[in-house]
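Trainee: Relying on the hints, combine the two individually framed chains into one complex.
Note that the protein sequences, when read in sequence, are chains F and P. The first sequence begins at 1138 in my numbering and counts up by one. The second sequence begins at 133 in my numbering and counts up by one.
Please keep in mind that the hints were generated in silico from the structure rather than gathered at the bench. The structure presented is a predicted model; accordingly, all values stated were derived computationally and were not measured. Possibly wrong hints are sitting among the right ones.
[To be verified] Quick list of simulated restraints, FRET-style, between CB atoms: (1) P:E338 x F:A1592: 40 to 48 Å; (2) P:D383 x F:V1490: 50 to 58 Å; (3) F:T1646 x P:R353: 50 to 58 Å; (4) F:R1650 x P:L392: 34 to 42 Å; (5) F:R1650 x P:D321: 29 to 37 Å; (6) F:V1490 x P:S210: 28 to 36 Å; (7) F:V1490 x P:G190: 36 to 44 Å.
Glycine is no exception: its CB is placed at the ideal position from the N, C-alpha and C atoms.
As a plain string of letters, each chain reads:
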Amino acid sequence: MRRLIAALAGAIMLLATLAAVPAAADVQPLFPVNQDVTLQGSPTYDRMKDRDGVVVGVKEDQPGLGAIDVVTGERSGFDVDIARWIAASLGFAEDQITYKAIASANREQAIKNGDIDYYVGTYSITGARKKQIDFAGPYLTTGQSLLVPRGSGIRSEKDLGPDTKVCSATGSAPIQNIKKAFPDVPTTEFDVYSACVEALRNGQVDAVTTDQPILLGYAALYPDEMEVVGEPFTEENYGVGLLKGDDALRSWINRLFTDHPGTWQKIYDSNLGSTGVTIPQPEVDNYRSTGESSVASDDAGPRAGVITDNLDLWGEALRNTLLLFFAGGALAVVLGFVVGAMRVSPVPIARAVGAVYVNLIRNTPLTVIFFFFAFGYPALGLPTPGFTVLAIGALGIYTATYIAEVIRAGINTVPAGQAEAARAIGLPFTKVMTLVVLPQAFRSVVPPMMSVLIALLKNTTVAAGFSVAELGVIRANLSERGEDALAVLLCVAAIFVVMVLVLSAIQRTIENRWKVAR
Amino acid sequence: MVMPEEGNAGPERPLAEVGEPLVVVRDVQKHYGDFLALKNVDLTVNRGEVVVLIGPSGSGKSTLCRSINRLETITSGSITIDGKELPKEGRALAELRADVGMVFQSFNLFAHLTILENVTLGPINVKGMKKKEADELAMTHLDRVGVGQQADKLPAELSGGQQQRVAIARALAMKPKVMLFDEPTSALDPEMITEVLDALIDLAREGMTMIVVTHEMGFARQAADRVVFMADGQIVEEAEPEQFFTNPGSDRAKDFLSKLLTAH
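So here's chain P without its partners, still in its complex pose (with noise of 0.2 Å):
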């Protein structure tokens, strides 16, 4: 992938020293029906830092990632963002929204509009950004990910690869202070990881604070500062990568990672 010039477009993260508390998840429940997702979740993350959420699938990962910027409701237990507790509804959360930037499994850029429309479209009408520097904006962002000769087409047009590269791009053009990323590679077929996960690697050594669900163990090992691993709704254990890839110290983490290196 084409690589960004150094210094060019790097998040804006004005406010608070790295290593301050920039989300905070206290004794955080969650409820479906009768099924708990979440249960008793502490977490910290630091501004800069880099987590890894990993766990097998109905861990809750994807719920905890998802409950940061309330696409999921939390039942209880409290979240901050930067000092701020999560909004329950209106005006006042999609403010919030516009700081924490997400990236999905399955992309969701908007179908209707084109790749750069889609950048552009948080910029002009949540930030209230004149059309031509929105679009400037935007095709710094498209440039930097590299998919910027492809700001006219639909997003059909494009591979899946590209498309999660344009729904990073999507998200930095709101500037936020911190990025979600719920498995961003587990749509892509195998030849289309690298670019995707290249691209994360950028951003976490421009010190972009992130929250990555992924079995990327690559990834984690290269980026991460810090492993989350998850299992039925509870974290388990926390640890550097190296540790936790090497040595885990829980059994479900053990039996885990056995399992996903099988698999491999």
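So that you can see chain F by itself, here it is in the shape it has in the complex (with noise of 0.2 Å):
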């Protein structure tokens, strides 16, 4: 879902982009385009010449840093004039970039299938990363830091406690410092860190936290309502993501970096200056010698390190998606018996709620039935029971729809003579349904029943984008413990395997102990 949302944004900004060539030229150029380029070894220099353009992967969701004008298309921050700047020192000019947004968790894949040609966007330099890609910088230093309500308690990481509910994207390595630093802060988790700000202002969490520059982006944008706390407590070096083993290029950005000074502190006054926080340029990292970056990634495809090394991550995930089917699933069956036999109910009135709930809730996509529980429902005031039991509560309320259908069809499977006798010896409606019905219904059920499970374990992935950390989030958690993305997918889809071989296992017990003969 994630990925599609990306891919239409992807798409969208394209056009946009293309879109504003012809006004482009009355853009001033930020940077002088270099006219005469020589670089030579590089196979990603190689492929922007072919093409005679460059392909870069930024952000579009943090002010400041990389952001876009919806209205406009215009992308501006610190880490988009970055990318401006190295594509104009390699001899392009503004109109021969393309940019992708790309979410964080794709990013090293973006870079190893060449979708993109550099990454610059709030990508800090790990080992992990660094294992599957290469960096080029740093080009900023910062670090974690916590945006709160103007005026609460929160004054720096040490006021965090069980009490006060914390923010950030989902699987980032923001929020896994807090789980490792602070086991007993209580996390949520979005996909963007816009979902995140929006949650603060709105009470559901008490602190976002993530890199300085992306929290003084966001606390500009609503400087009455927010502000940012305490000294970044953890050390972030952005840097430019690369192909890996391309160190010509890497070299040439690092030159670029380490020769212009001047260009880097305009590019940071003009887009961080206003914010008062004062930055220095870090020094480059020339971190590996050419002979050593020839050494072949050894990450072609799944080992058991995926699964072993990241236990933690596994199991939680695990448990959660089995909370969120068995939970679901339990509140789904009760509520669409309920609603099944409501819709062959003789009341008239019953029959009407049951068909306006089927075709409302049926008809509606089921991201938006989370949105709701994630963000309408706390917004009518009533006590939130947290994002778990929401998932739980929208997974049930979708699924029962289906379920409700399948009873009813399997209760029209059975002949309306077993209910005429069950009524003809005196039993009102709910026993005739309960003791006659029902348990004959049931047995013509369990094949659609099982394929409506299926589909809702299926479903609990969408509870990922909903700071639920069941096995769809964990992609992203892995890959920012610099896990290759294929592996972790491959591991998923296995266990998701399994565990629908699993119900297949059941649903062909329950048929033949309860093979009805007629």
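Mentor: Printed below as a string of structure tokens:
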């Protein structure tokens, strides 16, 4: 789902960029385009030349760093300007740059696949990532900080406790830092920071944490409501993500940063100067000699380490997936039976309520129902039971419509004479249903019911976007730990296949035991 | 079939005397859309009386039978059982239905329950009887109709005739005031018809009030107090069996009987 949204957003961006081309002429170029480029031995640069253009990976939801004006399609921010600067140094003007917004969890894969030439977007240099890609830079050194409502009791990370809910991007390094350093602090995760900021504004969380410049950008959007507190309590070095082994390009960019401190300062001042926080340009890290980089990466396929090295995350993810499945499934089956019985009830009002419920909920995408539970329900001012419970509610209410229809179809397979005979001996409607019709309907609904439950099992991954750390989230978490995204996805798929096989086996057992003879 | 011991578990009829009106149908109309299935039907069945409804298919006899416990709703008119008007819906209707036993053409035994459970379901869940007590009651009735040996089997394991006798036992276990039989032998193979009819005749002899939709003239002659002949949704003729079969009063009945005799 998120990939789809990202892909759509990317497509829209591309169109916006293309549409903006005629207007580019009257935009004053920020950086003089280098007309005399000599760069040998860089496969990435060769690709740029062939294409006569640059594809840059960026973020677009971080004001001050990487943001997009949704009306004009214009991109701005410190990171975006760094990306433009690099492009200009390589001889490409603004109208030759294509921007692609890539979500954090997909960055390494996008670089490895060659979807982008380089990535500039709050991309922390870590040892785990260096196994998969290379970094030029760093071009900015910062650290994790806290964004809180103005005047809240939280003045630094030391004020965090069991009563302060902290939000950050799903699976991001900041949220994993908090979990490690403050295990008793409750955390909430959304796929984008803007959702965290929204949750902070309506009081669902008490603090948003990530790197200081990102928070400063949001604080600047709502200066009266929120503020950034505390000194950075981690050290993050932002680098330019590059194809592994492209040492020529890496050296080129590093030289660019080292040789033009004046340009760097200009970019900093125009984007982040107004925040009042001064950060000096960091020294580039020529972390490896040319010889070292030719070592081939060994992440070609799944390896046992993907699971065994990260048992903590897999355990939590599997537990949450099973919790969502069983609790959501139980709610769906109970509610589905009630609604299904209502739809065949002799009372017209019950039939109407059942029909409205099924048609309303079933015609609504699950994601929209999740949005209602995650953001709409808390806005009603009722006590909020936490995202896991809300996710169970959303899954249960959604799946119940399908169960109800399966039950109704099952009821229709029971010959009318069965219900007539039950009524004729004086059973009231509820007992006609529970003692005679449903037990017989149940046998014929086992196969379609299992299909609905299997769909529910897979639908639990939608909860990933709503701060429930289940199997759908694990790719983001593990990509932060430097694991290969494809390997993680294969493992997730394998786990789901196993779980579905277990369900199918249960189905066969039930069918055999409850075969009805006619 | 096994004959029941005399006086053992006959239907209890403690209330009104034999001969008083028990089922009273007054000016009943029934529409299916534009089609008039019952037209100005008046019928009174007295306590202890056995009435056979007869007539060509589509004449409304099954509809009338099913209307008496409101498996079919009527458009206008009134139906009373033992002086009480049939309630429209809900618990009151369920309670009244418990007093009206019904046996269907297609048996309609509960396919997922054993023979014993089929019979005890009503006493336990409608009358609140203890399971042990209900089991004893059920066995008495199953033995009465000669299928006590089959108590632990599922309906599908029994022959049609046996299933229909279980259905009779199931209805009797509710101690009904009146029994409705909607073509009880029409779905049976010929060799099984007799065993079911024998059970009906026994029941009639014991004084059960019965309304039977059937074409079995032998049964009507042997057990019925009255034959009601219906055609086109109306009651055309009511007579004692002997008179009806030997000397019907209406042309419709004569025509019907001649076809029936040719067919047999």
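Trainee: Against this structure, judge whether each hint is valid.
Mentor: Hints, verified against the model:
1. P:E338 x F:A1592: 40 to 48 Å: 58 Å, violated
2. P:D383 x F:V1490: 50 to 58 Å: 54 Å, holds
3. F:T1646 x P:R353: 50 to 58 Å: With Cβ atoms ~56 Å apart, the hint holds.
4. F:R1650 x P:L392: 34 to 42 Å: Given a distance of about 48 Å, which is not inside 34 to 42 Å, the answer is violated.
5. F:R1650 x P:D321: 29 to 37 Å: Once the Cβ atoms are compared, 32 Å apart, the range 29 to 37 Å for P:D321 and F:R1650 holds.
6. F:V1490 x P:S210: 28 to 36 Å: The hinted range 28 to 36 Å holds for F:V1490 and P:S210, with Cβ atoms some 32 Å apart.
7. F:V1490 x P:G190: 36 to 44 Å: 38 Å, holds
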